[in-house]
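One letter stands for each residue in the lines below.
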Amino acid sequence: MNGVEGYMYPNEIRLYWSVLIVLYPYITGLVAGAFILASLVRIFNVKEVAPTYRLALLTALSFLIVAPLPLQLHLGHPERSPEMYFTPHATSAMAMFGYVYLWYLMAVLVFEIWLDYRHDIVLMSQSTTGLKRLIYKVMTLGSTNVSERALAIDERAGWIVTLIGIPSAFILHGYVGFIFGSIKANPWWNSPLMPVVFIFSAMVSGIAGVMLLYMLITKLRKLPIDMPCVDTIAKYLFYIFIIDFSIEMLDLIHRIYEADESFRSISFMVHTKLYFSQIVLQIYIGTFIPLFLLALVQVKKLSAGVRKVSYVVSACLIEAAVLSMRWNVVIGGQLFSKSFLGYTTYKMSLVTHEGFLMAVFLTILPLGILWVLVKLLPPWHDKAVGEIHAVSATVR
Amino acid sequence: MNINRRHLLMMLPAAAIAWKHVLAGTPEDSPNYKMTDHWWGMLIDIPKCIGCGNCVRACQAENDVPDGYFRTWVERYLVTDWDIVHPEVISPDGGKEGFPAAKDVGDGKYFFVPKMCNHCADSPCTQVCPVGATFISPDGVVLVDQTYCLGCAYCVQACPYGCRYIHPEKRVVDKCTLCYHRITKGLTTACCEACPTGARQLVDLKNPNDPIHAFLKTHYVQVLKPQMATGAKAFYNELDGSVR
Numbered sequence: 010m011n012g013v014e015g016y017m018y019p020n021e022i023r024l025y026w027s028v029l030i031v032l033y034p035y036i037t038g039l040v041a042g043a044f045i046l047a048s049l050v051r052i053f054n055v056k057e058v059a060p061t062y063r064l065a066l067l068t069a070l071s072f073l074i075v076a077p078l079p080l081q082l083h084l085g086h087p088e089r090s091p092e093m094y095f096t097p098h099a100t101s102a103m104a105m106f107g108y109v110y111l112w113y114l115m116a117v118l119v120f121e122i123w124l125d126y127r128h129d130i131v132l133m134s135q136s137t138t139g140l141k142r143l144i145y146k147v148m149t150l151g152s153t154n155v156s157e158r159a160l161a162i163d164e165r166a167g168w169i170v171t172l173i174g175i176p177s178a179f180i181l182h183g184y185v186g187f188i189f190g191s192i193k194a195n196p197w198w199n200s201p202l203m204p205v206v207f208i209f210s211a212m213v214s215g216i217a218g219v220m221l222l223y224m225l226i227t228k229l230r231k232l233p234i235d236m237p238c239v240d241t242i243a244k245y246l247f248y249i250f251i252i253d254f255s256i257e258m259l260d261l262i263h264r265i266y267e268a269d270e271s272f273r274s275i276s277f278m279v280h281t282k283l284y285f286s287q288i289v290l291q292i293y294i295g296t297f298i299p300l301f302l303l304a305l306v307q308v309k310k311l312s313a314g315v316r317k318v319s320y321v322v323s324a325c326l327i328e329a330a331v332l333s334m335r336w337n338v339v340i341g342g343q344l345f346s347k348s349f350l351g352y353t354t355y356k357m358s359l360v361t362h363e364g365f366l367m368a369v370f371l372t373i374l375p376l377g378i379l380w381v382l383v384k385l386l387p388p389w390h391d392k393a394v395g396e397i398h399a400v401s402a403t404v405r
Numbered sequence: 017m018n019i020n021r022r023h024l025l026m027m028l029p030a031a032a033i034a035w036k037h038v039l040a041g042t043p044e045d046s047p048n049y050k051m052t053d054h055w056w057g058m059l060i061d062i063p064k065c066i067g068c069g070n071c072v073r074a075c076q077a078e079n080d081v082p083d084g085y086f087r088t089w090v091e092r093y094l095v096t097d098w099d100i101v102h103p104e105v106i107s108p109d110g111g112k113e114g115f116p117a118a119k120d121v122g123d124g125k126y127f128f129v130p131k132m133c134n135h136c137a138d139s140p141c142t143q144v145c146p147v148g149a150t151f152i153s154p155d156g157v158v159l160v161d162q163t164y165c166l167g168c169a170y171c172v173q174a175c176p177y178g179c180r181y182i183h184p185e186k187r188v189v190d191k192c193t194l195c196y197h198r199i200t201k202g203l204t205t206a207c208c209e210a211c212p213t214g215a216r217q218l219v220d221l222k223n224p225n226d227p228i229h230a231f232l233k234t235h236y237v238q239v240l241k242p243q244m245a246t247g248a249k250a251f252y253n254e255l256d257g258s259v260r
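Chains as they are written, first to last, in this note's numbering: chain A, 10 to 405; chain B, 17 to 260.
Warning: the hint list may mix true and false statements.
Once the Cα atoms are required to be at most 30 Å apart in a straight line, the calculated BS3-like pairs of lysine-lysine come out as [claimed, not checked]:
1) A/Lys-244 <-> A/Lys-310
2) A/Lys-231 <-> A/Lys-356
3) B/Lys-64 <-> B/Lys-186
4) B/Lys-186 <-> A/Lys-356
5) B/Lys-233 <-> B/Lys-50
6) B/Lys-50 <-> A/Lys-282
7) B/Lys-201 <-> A/Lys-193
8) B/Lys-125 <-> B/Lys-201
9) A/Lys-356 <-> A/Lys-56
10) B/Lys-119 <-> B/Lys-64
11) B/Lys-119 <-> B/Lys-241
12) A/Lys-193 <-> B/Lys-50
Calculated directly from the structure, the hints in this document are not laboratory data.
Keep in mind the model is a prediction, meaning the values are calculated, not measured.
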């Protein structure tokens, strides 16, 4: 049969999880990683990365808003998805998605952003006019007290929410890894390391993503990039990336050494169908080059310009590596037969609701949402916001 | 009875659930059938299977299975003496129209293996369904409520035997129901009925008079992938170790 080598069970020839299911863990990973970067400032008191704190939170929110869309589009009956909230099946890992998602969205991210921005929102609701004023008024939720005591309470509450948010971010993405890792029928997925790999790769992709966005936006705003900030982010990125790569290699070495009945299939796949996406893109290009560049910056005194280029290249390659890792897990796990006797091929459609163009759209969409959020809630304390503060002070 | 607003609000969720049941309708009437009296499975006698494909055709006709998808299928194994763990397997169109003529066996053997849902007692597909649309009935049949299924395909991924698929028109999961609409009326399954050699036999483990009990005592019977610990109830007589 076309695209099939060896023997597949006849129902396995088509893939049931498409490129959209590749995007889902990638997007939630960016959310979790961006939030962890924000928590460095708030909980771990890493002051150097403060310029990215708000941007990290808004980035996390933008991607979190989009996270359920690939799942919805993939479902045969998306209109029935609320049943996961109303009648969840207690033994299903997937059934927890709705709750984990809502908890993370409402109890952690939106709440933390609101607490952090409340002062600004109140000031902007006083200094703006028309529709903007109305939007900001609604966003205050009627809480307009900006006294020192009220702001101190905001600060304290925000700290607690972030503290709760760290394990929540781990749960959000570790749980995504568990969805795959707990499938005993599929040896490519079935590993207790899967949630851990997902968490660390999430941190790597989220931190690299926010660093890239910060550098890009700062460049567009024609402002100097805060080098101690990006140097510190790159340092954390380097360490976490080493842990991530080590765990992934541990998993790979374990599989090679153990060489169980699935090994022949998996080895064949890695050397053929996944050779480019796993060996070339994920490991050689997406891991070795960024690790080398990030290590070089740690040990050598390089000029700011060289460091900036290194960071941008590393971040771009890391994003490609993490996306291809998701591809290798999701698509790779369906390319071989559970009989271990054959292989199929994934044929991605172009314009269908689960096709390539939809995947591109869903990848770009969070950036559009981020643009709106940045306009609405400027993440930097610069001149514009300073003026608002001054104006509102005179109004009062 | 006085119903105030508080009581009304408390009763609304219960009323919603009750209304859902009304909308779902009542199951087809089988007045003499008592679910708790049965525990269904299937005996597949490999030496008896001739690979004619009658079972596949009967299943597709009985259950309106779409082309290219299979609730049951038949595989032909060729196991050579030199590599007994890596057999050559074919199943052209699920074995629906039989198999091409076998080449000279030489140092090896040919045999047919009918496949279907194993109606596992501890089924991974039931475990992973996010809304409980897949469930095991009290008489041991793994079924799907297609009016409730989201079509997420998580169960398809979780099934170790490749027995599930997403129905291309209904956009929900579909699989062997062990012809539940027939067996609850005292009939056997369509595939068993169509098998000319008796290679497939519906068995009821709760029925003390079912010949399966004597068969299991006197034959070498195995289930597929026992290491998966799924409590499979498709029992294979003389199952070769190379079968996956």
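Against the structure, the hints come out as follows:
1. For the given pair, A/Lys-244 sits about 14 Å from A/Lys-310 by alpha-carbon distance, which is consistent with the 30 Å threshold.
2. Note on A/Lys-231 and A/Lys-356: the hinted pairing is violated, with a Cα-Cα distance of about 43 Å set against a maximum of 30 Å.
3. The hinted pair formed by B/Lys-64 and B/Lys-186 fails the criterion: a straight-line CA distance of about 35 Å is larger than 30 Å.
4. This hinted pair checks out: B/Lys-186 and A/Lys-356 have alpha carbons roughly 22 Å apart, not beyond 30 Å.
5. Using a Cα cut-off of 30 Å, the hinted pair B/Lys-233 and B/Lys-50 holds, with the two alpha carbons roughly 27 Å apart.
6. For the given pair, B/Lys-50 sits about 51 Å from A/Lys-282 by alpha-carbon distance, which is inconsistent with the 30 Å threshold.
7. This hinted pair does not check out: B/Lys-201 and A/Lys-193 have alpha carbons roughly 36 Å apart, beyond 30 Å.
8. A threshold of 30 Å between alpha carbons decides the hint, and for B/Lys-125 with B/Lys-201 the separation of about 40 Å lies outside it, so the pair is violated.
9. For the proposed pair A/Lys-356 and A/Lys-56, the alpha carbon gap of about 48 Å is over 30 Å, so the pair is violated.
10. A C-alpha spacing of about 20 Å is found between B/Lys-119 and B/Lys-64, which places the hinted pair at or below 30 Å, so the restraint holds.
11. Using a Cα cut-off of 30 Å, the hinted pair B/Lys-119 and B/Lys-241 holds, with the two alpha carbons roughly 29 Å apart.
12. Between A/Lys-193 and B/Lys-50 the CA atoms are separated by roughly 34 Å; this puts the pair beyond 30 Å, and the hint is violated.
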